[in-house]
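Colleague: Next come the chains, spelled out residue by residue.
Number of protein chains: 2
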Amino acid sequence: MDEKVGNFKIAGKSGNARAAELTTFHGKIETPIFMPVGTKATVKAMLPEELKEQIGAQIILGNTYHLHLRPGEDIIKKLGGLHKFMNWDGPILTDSGGFQVFSLSKLRKMSEEGVEFRSHIDGRKHFISPEKSMQIQMDLGSDIIMAFDECLEYPAEPSRIRESMALTHRWLKRSKEAMTRKESLLFGIVQGGLDYNLRMESMDQICSEDLPGFALGGFSVGEPIHLMHELVDKVAHKMPENKPRYLMGVGTPLDLILSIDAGIDMFDCVLPTRVARNGTLYTWQGKVSIKRAEYKEDPSPLDPECDCYTCTNYSKAYLRHTFLTGEIIASRLNTIHNLHFYLQVVKRARKAILDGTWEEYRDDCVRRFTQTR
Amino acid sequence: MDEKVGNFKIAGKSGNARAAELTTFHGKIETPIFMPVGTKATVKAMLPEELKEQIGAQIILGNTYHLHLRPGEDIIKKLGGLHKFMNWDGPILTDSGGFQVFSLSKLRKMSEEGVEFRSHIDGRKHFISPEKSMQIQMDLGSDIIMAFDECLEYPAEPSRIRESMALTHRWLKRSKEAMTRKESLLFGIVQGGLDYNLRMESMDQICSEDLPGFALGGFSVGEPIHLMHELVDKVAHKMPENKPRYLMGVGTPLDLILSIDAGIDMFDCVLPTRVARNGTLYTWQGKVSIKRAEYKEDPSPLDPECDCYTCTNYSKAYLRHTFLTGEIIASRLNTIHNLHFYLQVVKRARKAILDGTWEEYRDDCVRRFTQTR
Numbered sequence: 002m003d004e005k006v007g008n009f010k011i012a013g014k015s016g017n018a019r020a021a022e023l024t025t026f027h028g029k030i031e032t033p034i035f036m037p038v039g040t041k042a043t044v045k046a047m048l049p050e051e052l053k054e055q056i057g058a059q060i061i062l063g064n065t066y067h068l069h070l071r072p073g074e075d076i077i078k079k080l081g082g083l084h085k086f087m088n089w090d091g092p093i094l095t096d097s098g099g100f101q102v103f104s105l106s107k108l109r110k111m112s113e114e115g116v117e118f119r120s121h122i123d124g125r126k127h128f129i130s131p132e133k134s135m136q137i138q139m140d141l142g143s144d145i146i147m148a149f150d151e152c153l154e155y156p157a158e159p160s161r162i163r164e165s166m167a168l169t170h171r172w173l174k175r176s177k178e179a180m181t182r183k184e185s186l187l188f189g190i191v192q193g194g195l196d197y198n199l200r201m202e203s204m205d206q207i208c209s210e211d212l213p214g215f216a217l218g219g220f221s222v223g224e225p226i227h228l229m230h231e232l233v234d235k236v237a238h239k240m241p242e243n244k245p246r247y248l249m250g251v252g253t254p255l256d257l258i259l260s261i262d263a264g265i266d267m268f269d270c271v272l273p274t275r276v277a278r279n280g281t282l283y284t285w286q287g288k289v290s291i292k293r294a295e296y297k298e299d300p301s302p303l304d305p306e307c308d309c310y311t312c313t314n315y316s317k318a319y320l321r322h323t324f325l326t327g328e329i330i331a332s333r334l335n336t337i338h339n340l341h342f343y344l345q346v347v348k349r350a351r352k353a354i355l356d357g358t359w360e361e362y363r364d365d366c367v368r369r370f371t372q373t374r
Numbered sequence: 002m003d004e005k006v007g008n009f010k011i012a013g014k015s016g017n018a019r020a021a022e023l024t025t026f027h028g029k030i031e032t033p034i035f036m037p038v039g040t041k042a043t044v045k046a047m048l049p050e051e052l053k054e055q056i057g058a059q060i061i062l063g064n065t066y067h068l069h070l071r072p073g074e075d076i077i078k079k080l081g082g083l084h085k086f087m088n089w090d091g092p093i094l095t096d097s098g099g100f101q102v103f104s105l106s107k108l109r110k111m112s113e114e115g116v117e118f119r120s121h122i123d124g125r126k127h128f129i130s131p132e133k134s135m136q137i138q139m140d141l142g143s144d145i146i147m148a149f150d151e152c153l154e155y156p157a158e159p160s161r162i163r164e165s166m167a168l169t170h171r172w173l174k175r176s177k178e179a180m181t182r183k184e185s186l187l188f189g190i191v192q193g194g195l196d197y198n199l200r201m202e203s204m205d206q207i208c209s210e211d212l213p214g215f216a217l218g219g220f221s222v223g224e225p226i227h228l229m230h231e232l233v234d235k236v237a238h239k240m241p242e243n244k245p246r247y248l249m250g251v252g253t254p255l256d257l258i259l260s261i262d263a264g265i266d267m268f269d270c271v272l273p274t275r276v277a278r279n280g281t282l283y284t285w286q287g288k289v290s291i292k293r294a295e296y297k298e299d300p301s302p303l304d305p306e307c308d309c310y311t312c313t314n315y316s317k318a319y320l321r322h323t324f325l326t327g328e329i330i331a332s333r334l335n336t337i338h339n340l341h342f343y344l345q346v347v348k349r350a351r352k353a354i355l356d357g358t359w360e361e362y363r364d365d366c367v368r369r370f371t372q373t374r
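Chains as they are written, first to last, in my numbering: chain D, 2 to 374; chain L, 2 to 374.
Treat the hints as calculated values from the structure; they're not laboratory data. Possibly wrong hints are sitting among the right ones.
Identical chains blur together in the list; that is why a pair holds if it fits in one copy or across any two.
[To be verified] 30 angstroms max Cα-Cα, derived DSSO-like pairs, lysine-lysine:
no.: 1; residue 1: K292; residue 2: K79
no.: 2; residue 1: K292; residue 2: K110
no.: 3; residue 1: K177; residue 2: K297
no.: 4; residue 1: K288; residue 2: K85
no.: 5; residue 1: K85; residue 2: K53
no.: 6; residue 1: K110; residue 2: K53
no.: 7; residue 1: K292; residue 2: K29
no.: 8; residue 1: K244; residue 2: K288
no.: 9; residue 1: K45; residue 2: K85
no.: 10; residue 1: K292; residue 2: K78
Remember, it's a predicted structure, so these values are computed and weren't measured experimentally.
Just need the whole structure built from these sequences, with the hints factored in.
Modeller: See the structure below:
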């Protein structure tokens, strides 16, 4: 590694949109970037080599909550860490477990210390604190470790939000203290709900810590999407200029474009993989539901402007047939296409920012992504 | 194609075991061979390129019954045939639909003309005759077309078997008349149940027809496996010497070895792919159930003597974890291993026959395959 882990170099800008490079222990990441989600040590339906070679994925995400429950970070550590366990030698970002504790588990008991919760699988009691979350993520051998935060429901009262922001800040200090692994980068998470002033207040707190990156958290909890866009538009570019900015759990191709325009560098979302398995595909001509009867005898590729494995080798009729008959190949081909599409969207965004054609590209994407076929 | 479609050249023998080459329109097949089953235009969990490059598959099977019901051979024909539809450019063998009509569908009405049945999917009425089966298989563009036969339940009365054999022979004559596609090879199917004399009587009938290959049908219908082996042992080598011999729907790795020893050249079976998805794996050290607790932290590969993608890149602990969490990658990795294993079994059998070490290899396999880990 010729450059220091955590190094963040901006290569070009267009308005608030940036093209940059982040150095991690397992290699460099070119931003803007989308990170496919590998919840339980696998990006569903994909092999690591396919992610790298067919999709162009540069970094993937692992879920601390899920891996803690199964198989357990102790086992993964014994087996040489998450990279070796899942056969992926590129960068990995792990979330803190906070979001899943709040969205998946039952019977939570919050305290200053942390969160006691019951597993959504077998109901067994678990406890996660900032220190525990750091230990798990360090045991996994994560390249980018997320601070343990509280994730609020939507909507929440301003007083409740402010209380939670303060807790998240105290937890960040404890996360920072506990994260001692020098190969890993710790990112702080800005909370504050959808209110601009609260969000800025949280940003002041969180970004006052000296950390290699920052995220906007607390989205994808049921809020109206236009409110998220309005807020991200106002706050993203106020995050530290010389650090990567990560918008957690977002979103559609349109969300990516609008958020890159607002100054965001990194994204993750289960959307492209999840909807692929349900037969929904993103294309340069808009969103497609592959089960539609009109595709029954259609010999044409899903997306004539796409050069992914799926679009190169199969007809819409084949995708429809294998989807309707519940074949695994349908999940595979649809996932390959959607992830390839997402990675193309950010790759072309980067190129446009560097080439000085960002506004043109952005407007073209907005026009395309608001169509439905 | 430098050699005539249907050409069958024996390259070596050891006792009744043979190593040969069969020329089809889509290329040559080296026997003994195992044919992965691609029921509904996909070998479950696999891509065609993986079958070719990772597994070494030379020919795959398609199911006439399933493809007739969904998406329909008319659609596949319009789209350029089964090879193009499913992106597989190697040889394809299709069964006649007979076996599935008898095992899957309800409310069958048999007549001299054919079988009326209701779809196992939506209950709709269908009719398959020898002529209809040939039309479907020709529309699919199959390289090896199986004659339409009656498949009896086990056990059946000798008088019933004899009646059925005669019908199967009449249907073969009609199949032969109807199969007019010069790129395809028609194989006849010997029936006759488990009785030696009846089986030989059927063989006399079926093999009196001038056809490029013959199969033993009517197995895998619940009969005790040792009775099948006894019968195959007695009859396989009496099938025409200069034609490929195909044992339909069989079997375990042990079944393959014993049947190759009896003179069989070709096999197909859903077993390796089906049990893979259920976590059962065949190895050179015996059968393995991957979900066993002892593999929880096991860093070693599934089969240290195997060089498949799965055994090269993943631990037993990872295979167990992804199987228990229901991840698609588990079906993929397990299927890759099992199919690779089956293809290795027949590839090494071929080599042993040609090298004059068949008996040694056979005995070693029998010893290995009767172990359970």
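Colleague: All hints, please: hold or fail.
Modeller: Quick rundown of the hints versus the structure:
1. K292 - K79: Between. Shortest inter-copy distance 19 angstroms satisfies the 30 angstroms Cα cut-off; intra-copy 44 angstroms does not.
2. K292 - K110: neither (43 angstroms within a copy, 33 angstroms between copies)
3. K177 - K297: neither (55 angstroms within a copy, 32 angstroms between copies)
4. K288 - K85: Classified as between; 26 angstroms across copies, 36 angstroms inside a copy.
5. K85 - K53: Both: 15 angstroms inside a copy, 27 angstroms across copies.
6. K110 - K53: Result: close neither inside a copy nor across copies, 40 angstroms intra and 54 angstroms inter.
7. K292 - K29: neither (39 angstroms within a copy, 37 angstroms between copies)
8. K244 - K288: neither (33 angstroms within a copy, 53 angstroms between copies)
9. K45 - K85: both (17 angstroms within a copy, 27 angstroms between copies)
10. K292 - K78: Classified as between; 20 angstroms across copies, 42 angstroms inside a copy.
Hints 2, 3, 6, 7 and 8 from the list above are not met by this structure, while the remaining hints are.
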